[in-house]
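Number of protein chains: 2
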Amino acid sequence: MSIVPGSSPAGGSSASRPIRIAVDAMGGDNAPGVEIGGAIAAAREAEGEIEVVLVGQRGLLEAEIAKRDATGLPISIVDAADVIGMHDAPAEAVRRKRGSSLVVATTLHKKGEVDGLVSAGNTGAVVAAGLLGLGMLRGVRRPAIASLYPTLKDPAIVLDVGASVDCRPSDLLEFAVMGMAYARHVLGRDDPQVALVNIGEEPSKGNELTRAAHRLLKESDLTFIGNIEGSSILAGAADVIVCDGFVGNVILKLTEGLIHILPRFLSQGSGIAAGDADGLRRKFDYAEYGGAPLLGVNGAVIIAHGASSEKAIKNAVKVAAKFVDADVDGVIVDTLREVVSNDGR
Amino acid sequence: MSIVPGSSPAGGSSASRPIRIAVDAMGGDNAPGVEIGGAIAAAREAEGEIEVVLVGQRGLLEAEIAKRDATGLPISIVDAADVIGMHDAPAEAVRRKRGSSLVVATTLHKKGEVDGLVSAGNTGAVVAAGLLGLGMLRGVRRPAIASLYPTLKDPAIVLDVGASVDCRPSDLLEFAVMGMAYARHVLGRDDPQVALVNIGEEPSKGNELTRAAHRLLKESDLTFIGNIEGSSILAGAADVIVCDGFVGNVILKLTEGLIHILPRFLSQGSGIAAGDADGLRRKFDYAEYGGAPLLGVNGAVIIAHGASSEKAIKNAVKVAAKFVDADVDGVIVDTLREVVSNDGR
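Chains as they are written, first to last, in this note's numbering: chain A, 641 to 985; chain B, 641 to 985.
If you are wondering where the hints come from, they were derived from the structure by calculation, not from laboratory data. Among the clues, some could well be false.
[What the hints assert, rightly or not] Computed list of chain A residues with no C-beta within reach of chain B, every gap over 12 Å:
1. Gly699
2. Asp709
3. Arg781
4. Gly846
5. Gly897
[Unchecked claim] Simulated crosslink set (DSS-like; lysine-lysine; CA at most 30 Å straight-line):
6. A/Lys858 / B/Lys793
7. B/Lys951 / B/Lys893
8. B/Lys845 / A/Lys793
9. B/Lys858 / B/Lys793
10. B/Lys845 / B/Lys858
11. B/Lys707 / A/Lys845
12. A/Lys845 / A/Lys793
13. A/Lys751 / B/Lys750
14. B/Lys793 / B/Lys845
15. B/Lys793 / B/Lys707
16. A/Lys750 / A/Lys793
17. B/Lys707 / B/Lys951
18. B/Lys793 / B/Lys951
19. A/Lys750 / B/Lys845
20. A/Lys951 / A/Lys750
21. A/Lys845 / B/Lys793
22. B/Lys893 / B/Lys845
23. B/Lys750 / B/Lys793
These numbers were taken from a predicted model, which means no experiment stands behind them. Using N, Cα and C, we set each Cβ at its ideal position, and we do this for glycine too.
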């Protein structure tokens, strides 16, 4: 069984029944319309291999579904009265709003009533719900959000981009293992090349964190190609680009800012067409790739962009199903166990 | 006396004699040609207000000067037989190569035989020479390199961009004070707006370092406008953008990488002209601005880009003279003394 084209060498967790993905239908900026449109499209394209559970205010969701053709598709609704907003304090909101669509969806996942979940809501809240509701995978101390980043070759994943902003060297090694598992089993890269964001190519360069992480990565069984500088990320040498969540978030947001503002610099005295700039922005719009996995938690959680389109939600649902099918979490735990037995930690 | 147009409210350190700037003539990728051309241009344009001391291999420098018209200009040579290369280990090279142009120039500065220095050499070695040869200003724990960064409004300075990669919160406060002094007295900003690079606008966002630094900046007398995200740096809200040297270096290099690679993305299926891309790169070429000051050391040290043009070296010499004339170091020490007395540190 293969939900999305690409390799799934780890084998499926279940080949006999559909993979069930909960969609936090109240999360995004354009909820619940795009969530419902995306969920319907995913269910239709998967031809029975994905079952979608929409979580949110039942009346609202039923009205939105009624506007569309969802006849015969494996889509159900679980009612959740409350909503966590984009400006709610994440951990507090998750603790307090037990009836929110995000917390209800996470609880369904924890109980095994769904196999994974997608949310385009408050990213901090999705991270908090994952940590509090699902717990961490064995051998992983901190979670990481892995964001797809376009390069001149294939897109790379950068992790962490904001879940864990204060890291130890061993956290970066764990991020590398998680990124490798995702790149291999969801993105279909045979032998993922891992690089460490640093401020020089030599192993001696960097701050305390990256110098120590370089040593750990070098000693590991990963295909570690060394340090990568900001200027080289776009060239596409690496599949997996590792950094702490503060640095990764700065990389992501600075790139977004440059993409949006560079055409304005270019147009000062040049004849660049608005269409060119739009095309560029689209190339860098990571919503198109279907969202970023929250790696390290005990489950399959895909974070979609708040401004996700229906297509982005559809892709996020498919990515979640592929994550489950390839048992990425199992690969992470097994690989980390080998790392531990190899280096005697 | 004013070397370069702009405000110098702090007053000059000396109004009666020329300001003497040493130029490490062996430092850059195209040394010593561009260094000598730039030094001659600066001396000519300053009309007697700047005296340039070229430091390097005398025979080589004399031959280069002979190719140009330097008649009657206040330019002298101090011989230095050795050279620190771009790939030498910085601190080790500074300790070992006592006869290198960089170390000789720094020693001249330490002895008061010149008032400031410019080098386009190995950046790490310039930082090490500043630290070891000049020492730190009173009240400053760590140095910072302040790089000019183009925005949609006036250029901002970002500091640190690589001198100090492991920082305490108080280091970031000191960087802010140093950046404020430079922005005000060299760039001529009346009331420099200071911002902190962070991963969210709210004070509660960030890692341990930035959350604590935010509190210190908030309590200070600086005009602190709060956190700035990577996506907003280019909009130009701030004059002084503060971060640790690891993050600043990633920002600088990622920007350089994007500037060079984005036109290749644009040209995939669009009609962007090569000239547009060149114009964009020029706008972001910080060599055009004349180099980045190494702030916090007891002296006036300007780091020029390794690939500096003659114009960049000329501008760097003028910036060094302005730095001396405005007594930026004195302003930093005085401001930090006020900060200390205000918060009882």
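Structure-based check of each hint:
1. Gly699: holds (34 Å)
2. Asp709: Holds, since 34 Å exceeds 12 Å.
3. Arg781: Holds: least Cβ distance 16 Å, greater than 12 Å.
4. Gly846: violated (7 Å)
5. Gly897: violated (4 Å)
6. A/Lys858 / B/Lys793: Violated, at about 44 Å.
7. B/Lys951 / B/Lys893: Judged against 30 Å, a Cα distance of about 22 Å means the pair holds.
8. B/Lys845 / A/Lys793: violated (34 Å)
9. B/Lys858 / B/Lys793: The hint holds at about 24 Å.
10. B/Lys845 / B/Lys858: holds (14 Å)
11. B/Lys707 / A/Lys845: violated (40 Å)
12. A/Lys845 / A/Lys793: Measuring from Cα to Cα gives roughly 26 Å; hence the hint holds.
13. A/Lys751 / B/Lys750: violated (70 Å)
14. B/Lys793 / B/Lys845: holds (26 Å)
15. B/Lys793 / B/Lys707: Violated - the C-alpha atoms of B/Lys707 and B/Lys793 are around 41 Å apart, more than 30 Å.
16. A/Lys750 / A/Lys793: violated (37 Å)
17. B/Lys707 / B/Lys951: holds (18 Å)
18. B/Lys793 / B/Lys951: holds (23 Å)
19. A/Lys750 / B/Lys845: holds (28 Å)
20. A/Lys951 / A/Lys750: holds (27 Å)
21. A/Lys845 / B/Lys793: violated (34 Å)
22. B/Lys893 / B/Lys845: holds (24 Å)
23. B/Lys750 / B/Lys793: The hint is violated at about 37 Å.
Of the numbered hints stated above, those contradicted by the structure are hints 4, 5, 6, 8, 11, 13, 15, 16, 21 and 23, listed in ascending order.
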